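Visitor: These are the residues of each chain, in order.
There are 2 protein chains.
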Amino acid sequence: MARIVQKFGGTSVANMERIRNVARLVKKEIDAGNQVAVVLSAMSGVTNQLVAYCQEANPLYDTAEYDSVVSTGEQVTVGLLAILLQAMGLKARSFAGWQVPIRTDDAHGRARILDIGTEEMIARMDAGEIPVVAGFQGIGTDGRITTLGRGGSDTSAVALAAALQADRCDIYTDVDGVYTTDPRIVPKARKLPRITYEEMLEMASLGAKVLQTRSVEMAMKHRVNLQVLSSFEEIPGTLVCDEEDIVEKEIVSGIAYSRDEAKVTIQGVKDHPGIAAALFGPLAEANINVDMIVQNVSEQGHTDMTFTVPRTDLPRALKVLEQVRNVVDYRDLNHSDTVVKVSVIGVGMRTHAGVAQKMFSALAERGINILVISTSEIKVSVLIEEEYTELALRALHTAYGLDAR
Amino acid sequence: MARIVQKFGGTSVANMERIRNVARLVKKEIDAGNQVAVVLSAMSGVTNQLVAYCQEANPLYDTAEYDSVVSTGEQVTVGLLAILLQAMGLKARSFAGWQVPIRTDDAHGRARILDIGTEEMIARMDAGEIPVVAGFQGIGTDGRITTLGRGGSDTSAVALAAALQADRCDIYTDVDGVYTTDPRIVPKARKLPRITYEEMLEMASLGAKVLQTRSVEMAMKHRVNLQVLSSFEEIPGTLVCDEEDIVEKEIVSGIAYSRDEAKVTIQGVKDHPGIAAALFGPLAEANINVDMIVQNVSEQGHTDMTFTVPRTDLPRALKVLEQVRNVVDYRDLNHSDTVVKVSVIGVGMRTHAGVAQKMFSALAERGINILVISTSEIKVSVLIEEEYTELALRALHTAYGLDAR
Numbered sequence: 001m002a003r004i005v006q007k008f009g010g011t012s013v014a015n016m017e018r019i020r021n022v023a024r025l026v027k028k029e030i031d032a033g034n035q036v037a038v039v040l041s042a043m044s045g046v047t048n049q050l051v052a053y054c055q056e057a058n059p060l061y062d063t064a065e066y067d068s069v070v071s072t073g074e075q076v077t078v079g080l081l082a083i084l085l086q087a088m089g090l091k092a093r094s095f096a097g098w099q100v101p102i103r104t105d106d107a108h109g110r111a112r113i114l115d116i117g118t119e120e121m122i123a124r125m126d127a128g129e130i131p132v133v134a135g136f137q138g139i140g141t142d143g144r145i146t147t148l149g150r151g152g153s154d155t156s157a158v159a160l161a162a163a164l165q166a167d168r169c170d171i172y173t174d175v176d177g178v179y180t181t182d183p184r185i186v187p188k189a190r191k192l193p194r195i196t197y198e199e200m201l202e203m204a205s206l207g208a209k210v211l212q213t214r215s216v217e218m219a220m221k222h223r224v225n226l227q228v229l230s231s232f233e234e235i236p237g238t239l240v241c242d243e244e245d246i247v248e249k250e251i252v253s254g255i256a257y258s259r260d261e262a263k264v265t266i267q268g269v270k271d272h273p274g275i276a277a278a279l280f281g282p283l284a285e286a287n288i289n290v291d292m293i294v295q296n297v298s299e300q301g302h303t304d305m306t307f308t309v310p311r312t313d314l315p316r317a318l319k320v321l322e323q324v325r326n327v328v329d330y331r332d333l334n335h336s337d338t339v340v341k342v343s344v345i346g347v348g349m350r351t352h353a354g355v356a357q358k359m360f361s362a363l364a365e366r367g368i369n370i371l372v373i374s375t376s377e378i379k380v381s382v383l384i385e386e387e388y389t390e391l392a393l394r395a396l397h398t399a400y401g402l403d404a405r
Numbered sequence: 001m002a003r004i005v006q007k008f009g010g011t012s013v014a015n016m017e018r019i020r021n022v023a024r025l026v027k028k029e030i031d032a033g034n035q036v037a038v039v040l041s042a043m044s045g046v047t048n049q050l051v052a053y054c055q056e057a058n059p060l061y062d063t064a065e066y067d068s069v070v071s072t073g074e075q076v077t078v079g080l081l082a083i084l085l086q087a088m089g090l091k092a093r094s095f096a097g098w099q100v101p102i103r104t105d106d107a108h109g110r111a112r113i114l115d116i117g118t119e120e121m122i123a124r125m126d127a128g129e130i131p132v133v134a135g136f137q138g139i140g141t142d143g144r145i146t147t148l149g150r151g152g153s154d155t156s157a158v159a160l161a162a163a164l165q166a167d168r169c170d171i172y173t174d175v176d177g178v179y180t181t182d183p184r185i186v187p188k189a190r191k192l193p194r195i196t197y198e199e200m201l202e203m204a205s206l207g208a209k210v211l212q213t214r215s216v217e218m219a220m221k222h223r224v225n226l227q228v229l230s231s232f233e234e235i236p237g238t239l240v241c242d243e244e245d246i247v248e249k250e251i252v253s254g255i256a257y258s259r260d261e262a263k264v265t266i267q268g269v270k271d272h273p274g275i276a277a278a279l280f281g282p283l284a285e286a287n288i289n290v291d292m293i294v295q296n297v298s299e300q301g302h303t304d305m306t307f308t309v310p311r312t313d314l315p316r317a318l319k320v321l322e323q324v325r326n327v328v329d330y331r332d333l334n335h336s337d338t339v340v341k342v343s344v345i346g347v348g349m350r351t352h353a354g355v356a357q358k359m360f361s362a363l364a365e366r367g368i369n370i371l372v373i374s375t376s377e378i379k380v381s382v383l384i385e386e387e388y389t390e391l392a393l394r395a396l397h398t399a400y401g402l403d404a405r
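Those sequence lines, one after another, are chains P and H. Sequential numbering from 1 applies to the first sequence in the numbering used here. Sequential numbering from 1 applies to the second sequence in the numbering used here.
Treat the hints as calculated values from the structure; they're not laboratory data. Check each hint, because a few of them may be wrong.
Repeated chains share a single entry, so a pair holds when one copy, or any two copies, can fit it.
Claimed, not checked - Below, in silico cross-link-like pairs of lysine to aspartate or glutamate (EDC-like), each with a Cα-Cα straight-line distance of 20 Å or less:
#1 K91 to D142
#2 K91 to D106
#3 K91 to E56
#4 K270 to E299
#5 K358 to E217
#6 K209 to D176
#7 K209 to D182
#8 K27 to D167
All figures in this text were calculated on a predicted structure; none of them were measured in a lab.
Excised from the complex, chain P in its bound form:
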């Protein structure tokens, strides 16, 4: 007997027929002799509608009230699944976040889980019952409903799996696993049977939208066996696990890309110690996350500085940089929001040289200009013009031997 947390996303519970299908997938695990707790998202589209209501009421809505409103979508789906499971002769009971309880901090709209009360759930599972838990939500220390931010149901599921010491956390979604790269762009993309937490974390934060980044962080921290699989096709998915659980490891596991960044270039900065702090301090204060940074000397005593910021924060970033002009003397401020960040990811890089070099050659051969480079222990990222996205992804996928055979 294993204890399993099954999580189903919005497209998997989009209508009654699909929730019925979810009930069948739950029953299958029960019939196999397992204990199951289920975590659900809202029907796809419902949360967007509720968010739209709040914005219509007031674009500067109170986030505590927003949380009360948008959390109702999950309360509906968990109740309906409990009814369907009962109709199949199973024992089931729905739980809103406050009923579990899933205790969070009071950061409404982006709350973090503090702890989960598991006593009742474990007792119920031991008695053969299936708890069906509303994802995305919890209860703050002030007794108000909180939500965990978009995609937060993944985090709910992983946190619940960790708290219940579940043997596995299965994330059912509308894709059937994690691919070497976006299959819509690279038809030769392959589904990975296994991927390490570290790689999945980079994939998620670099634009692969299969899992919420925070849920992967949490799975890594608590060593939760995470599986991504399709709720529509009964085929093996991708297991997110420790490096030692992967026997044959490729050097590079995947190629990710993100269109969420914008490039800012400050030209002709008078070069002296402290200018980086003078530039990036005010951006940090404005809560703008600076990602890739390069600095190079342009002319005598002057330097050029290029970096990326989230595309949605670009207007604010430019405003901040205009304001610091009286402190940091520079000649020109340019920006571009037609760039894409392409990243090559793999834990094998730690032990293999030449991974970055292969990337630069592959791009150079196709005449693709690299604007900025940044590297970490297990990834190399480059910023290129957006129009080269598809070409770059296909070239790199082939160069690293990832193409399906």
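Given the structure of chain P, go ahead and fit chain H onto it with the hints provided.
Guide: For chain H alone, coordinates are given in the frame of chain P:
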């Protein structure tokens, strides 16, 4: 300064524009220097959709899960109103039933309120805040969400007004008050400025759908000053109050009608002591409410028995009566579901004779046959063929001098 509970029904919060209008009506009371607590229904249509989901999942749904699902509609509207009130510069906070808490028994789907925790709400109102409370719902002793039955938001509002010792409970709806009879049928119907609890109770239970019967019972018990008024037009409504608060009292206040009944006639029952018990006992056991009853001797040693049951229970009632045939010997079982109950209501009847006689004459003059009669201290009801409904209502309205001048 007065303390007021304002309740707005589903059509009053049907969309954002209308919720904005509700916010204005709340602000008006605050600007007048009053303390206000608000109770809301779900957007009209939403609860029906949620009920339909449950029925689609399983017609024999678990009522505890049903309650979790259908209670979400009110959670949305209270959050949105709180956001709108805040946008107007007012302090407001939404409350789901469990957050107040509104404690109920565990009779899911038709729970009764046990008590309401008012400490936090009073503290908030004293601090100038407006609590916005989800109607229709509470929390059972088992920690599960409960609902109070359709129209339950009226009861939530009255119970809250009683608990808060409010000076007034204003029920805003899509009609502008209580009329002498249905204005869609009798154009000369007049809006009553005041009506007694007892009369309102009869009106509500006899088919005037302005207020949920249970809410009137509760208002009467706790002497809550109840006002019914329109959320769309700023004109005076109807005050439901004690008899002594009404200076000029008509003998008859209103004429109500109900198409919810069906007539059952059992012919040729062998008459002996105990047959009524033998007939009505099994109906009571089957939870079928028998309303009007007449018995008359038909032939030597035999009797006919006519009574009414709720139209929706007619098939079950007939089944029960077929089954008792081996105990109660009768010749024939007839039924009709094309009948209507018309009632003349007024506390003045207690002190004035001839009210019933006037009713019988008015109907007889129009050639309307009375099938069954029942009377209470403040009402006379007759069962007639449904096709005479309009004719009867207009005739009675004129006969009792209720026509608008």
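Visitor: At most 20 Å between alpha carbons: which applies to K209 and D182, within, between, both or neither?
Guide: Classified as within; 10 Å inside a copy, 58 Å across copies.
Visitor: Which holds for K91 with D142 at a C-alpha limit of 20 Å: within a copy, between copies, both or neither?
Guide: Classified as between: cross-chain Cα gap 17 Å, same-chain 32 Å, threshold 20 Å.
Visitor: Evaluate K91 and D106 at a C-alpha cut-off of 20 Å and name the case that applies: within, between, both or neither.
Guide: between (33 Å within a copy, 19 Å between copies)
Visitor: Tell me, please, which holds for K358 and E217 at an alpha-carbon limit of 20 Å: within, between, both or neither?
Guide: Result: close neither inside a copy nor across copies, 29 Å intra and 81 Å inter.
Visitor: With 20 Å as the alpha-carbon cut-off, assign the pair K27 and D167 to within, between, both or neither.
Guide: within (17 Å within a copy, 54 Å between copies)
Visitor: Please work out whether the CA atoms of K209 and D176 approach to 20 Å or closer within one copy, between two copies, in both situations, or in neither?
Guide: within (13 Å within a copy, 53 Å between copies)
Visitor: When no copy is named, should K91 and E56 be tagged within, between, both, or neither for a Cα gap of at most 20 Å?
Guide: between (40 Å within a copy, 19 Å between copies)
Visitor: Within a copy, between copies, both or neither: which one fits K270 and E299 at a CA-CA cutoff of 20 Å?
Guide: within (10 Å within a copy, 118 Å between copies)
Of the hints listed earlier, the one the structure fails to meet is number 5.
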